[in-house]
Each structure stands twice: as structure tokens, then as C-alpha cells.
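Enquirer: Whole structure, please, built from the sequences with the hints as guidance.
Protein chains: 2
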Amino acid sequence: MTTSALTPLEPTARTRVGRGRNRAVGDRAAMHAFLAEGLVAHLGVTVGDHPIVLPTAYAIDLDGPDADGSLYLHGSVAARWLQQAGGATVCVTVTEVDGLVAARSAFHHSMNYRSVVVIGATRVVEDAMERQHALDLIIDHMLPGRSATLRPSTRKELAATAVLAVPLREASMKARAGGPVDEPADAAAGVWGGELPVRRAFGSPVPAEDNLAGLTVPPDVTARVRPAV
Amino acid sequence: MTTSALTPLEPTARTRVGRGRNRAVGDRAAMHAFLAEGLVAHLGVTVGDHPIVLPTAYAIDLDGPDADGSLYLHGSVAARWLQQAGGATVCVTVTEVDGLVAARSAFHHSMNYRSVVVIGATRVVEDAMERQHALDLIIDHMLPGRSATLRPSTRKELAATAVLAVPLREASMKARAGGPVDEPADAAAGVWGGELPVRRAFGSPVPAEDNLAGLTVPPDVTARVRPAV
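As given, the protein sequences belong to chains B and D, one line each in that order.
Just so we're aligned: the first sequence equals residues 1 to 229 in full-length UniProt numbering.
Just so we're aligned: the second sequence equals residues 1 to 229 in full-length UniProt numbering.
When chains are identical, the list treats them as one kind, so a pair holds in a single copy or across two.
Derived pair list, reagent style SDA-like, types lysine to any residue, alpha-carbon separation capped at 25 angstroms:
| hint | residue 1 | residue 2 |
| --- | --- | --- |
| 1 | K174 | R23 |
| 2 | K174 | I138 |
| 3 | K174 | D66 |
| 4 | K156 | G87 |
| 5 | K174 | A201 |
| 6 | K156 | R80 |
| 7 | K156 | G145 |
| 8 | K174 | V97 |
| 9 | K174 | D49 |
| 10 | K156 | W192 |
Since the hints were derived computationally from the structure, they do not count as laboratory data.
Expert: Next up, the structure:
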């Protein structure tokens, strides 16, 4: 999929950014890059007369059967949220906080962040090849390259796992970066303003207690460990 | 509020943890401590026939007018989500990812995390004192102690800001910690398993370009900066 073939972001009213349009990101390639970087999604599903929002692992596939790419979620076939979400219109939101913005008034305090909101009708993935591929992508989203190092899933494991696809078509992205935007009189009053950057940091890998003796930490894990700040 | 007076968690069917009951945390004090530590909430609101999930700052007040404490959200009075959320039943979820769990099969891969789900009917906060207090709490949640260093909000700023309270009564908390739980045969097959810890790290404060000369970084900001790993 080439960048020139990408559908513009915000194609519908329900994913149009309302307040803070200056923070809207209109670039699908930027959205894809961000979704590849996020770790956890928040899935909103309507249950009866109210929404429920649950954190969940995810992955995206820009070459999947959905025209603008697919966002995959998985879970136990016994999970209530999956039973509610199958075929329903859901909202999947991925957010990373990038900084705390200390302004000179309460009003102008803010956070720096990137966030993608995807709204769409879920498709329960039934095709065995697509299911397996989606599950591999979810593993590799966490630890790139790991799925190829694992034994194949058993029939029993696959039967216990439900996979949902949400089309990446209806989506929007917002981002804020930089320091505070204060009233000039407030900046002149002498309160320190600025940004406190926030980053995700990975610690040293902790081996499982039942690891065989002599195993070294594999590249899929070590590649994640980088200096924090 | 003393710990002994806390209402037990999970008082209703809609906040009862379904799958993974072994990960349920039944302790309100643990929930309060976690909510004090989280940075961002994901708010789920029903809009028409589907949910929308948006990231937002928040704060909690265990001594507020709601019996089991209040979770406060704020936003522009012009924001669509606030217009939808006023008086409606919403879901507020706060999640922190604590680690990636590398198992020896795809099936047993997991994340370590803490997550709180609150469901409740929102109350639009009209009382001027409660509104001001809630807004101070949201600032101090980001940067503890900062609100006391700022000028009072103007009437215009307060009029432009909506504050919502969600009672902390209907809530549940889940947490996973530790290494992978694999089938013994998989652990014996020689793939490295373990946990990759994930932490939030704060970088060095970046002063605003319009800071007066000679200002030092205040304690509300420096207190946030700790070694990452």
C-alpha cells in the first residue's frame, strides 16, 4: 500500500475532530506509524444502555481484507465484551501521553499526546488463515519477530480465541506537542512554564522461573529495551 | 475517609469482572492509590448508536459530595463529548501497562497492567466551590501542588469550562503481574520466557520560550522527575 493510495483521514462526521481542530492530524501514514508504536488500545462497546471501555492488546494490518487496513483485537470466546462486540459498531482509541504542559494559568494547562480514534462495525474473523495471521500480528506488535520463534497454536487454543477486525476506514488522529500557550500577561507574571516530557521506558528483562538453564534473552525482547530518556 | 468505611468493590453486575476473575482486585484503597497514580483516563460516551472513547485528564476526590468519592473530568463547554456526557451513564477507564509477558506459546502471551473501570451517571458540577476545587485537583493530579502557585481562574475561563463528576461507587479493578504461565511442556522446549517491565519515565523539564529570565524549575515539576528504571 503506497502513501498516495491512502484514503484521507476523517471521512465521516462521527470521526471528525470537533474542538481543537488545530490538533487534528490529517495524514493516514502518520496514523499508521502511531498505531504501530502504541502498546494498548481502549475498546468501547455498548452494553445495554451504556458504554464499557476495556484495555486490550491490538495490531494493525494494512494489507488485510479491509480496504484501508484492519485493526485486530482478540480475546477469549467466553469474554462478555467479545460477545457484545461481534458485529457491533465499536470505538477503538489508542493514546500515548508525551508530556505534561505546565502553563501559568490553570486554564492553559494541558498534556502533550498522540491519540487515534477508530469507529467501525466489527467483523468476527472466521477464516483460519486470517485468524492465525492476526494472532501472529498481535504477538509481533508487542515483541517484533517473536511469533516466528513459537510453536504453532493448537486447535484447542485457536478454538478458545476470538478475533475481531475493525476497518481502519473511519478514523481520526489528534496530537499536541510543545510548551504552554499562555496569555502574555500571565507569562510576564513570573511563574515557570514549560513541558515535562513523558516517555515509555522498558526495564531489564526478567527471566521466567521455569526457563531452561543457559537461555539468552532473544532479539524480539532485547530490541524493545532502549535508554529511557 | 478511613479504609474500614470503604464500600467493597464490584457492587453491581455491570462492573463485575467476568473473565479473569483471578485478576480482580477487591480493595478500594488499592483502586484509589492506582487512580492517584494514573495520568490519563479513557472516557466512553454513547453517541447515537455507538460509543466514542476519548482520552482525558482527570482527578479523584474521596471527600467530595458523592458517597464513595468522585472522579472529575473537565472540558470545553463547546466540546461535543461533554454535551453528550452530561447526565448520561458513562464508563471511565484508567490503565497503566506495567510489562510485556513473553510466553512460550502465542496463547499465553500477555501484558502486565493495572486497570480501573468506573461506570456511572455523570453529574454536571454547577456549584462554584466544587467546580473550582475539581479544577484545582485536575491540575494537582498532573503536577502535585501546582494549583496553589497559579493566579485564580477568571470568570470567563470558568464559564468556558465544564466539569463532570462520576461517582466512584460502581467500579472494578484488575491487575496482572509476574512472568508467563506456560504449559510445562512448552517451558521445557527451550524458548526464553519472561517479563519485560514497562514504566513511565519523565524527561528533563523543557522551559517555555517566554519564561522570564532566571526562573528555576518549581517543586511541582521537579517532584515528577525520577529515575526511569
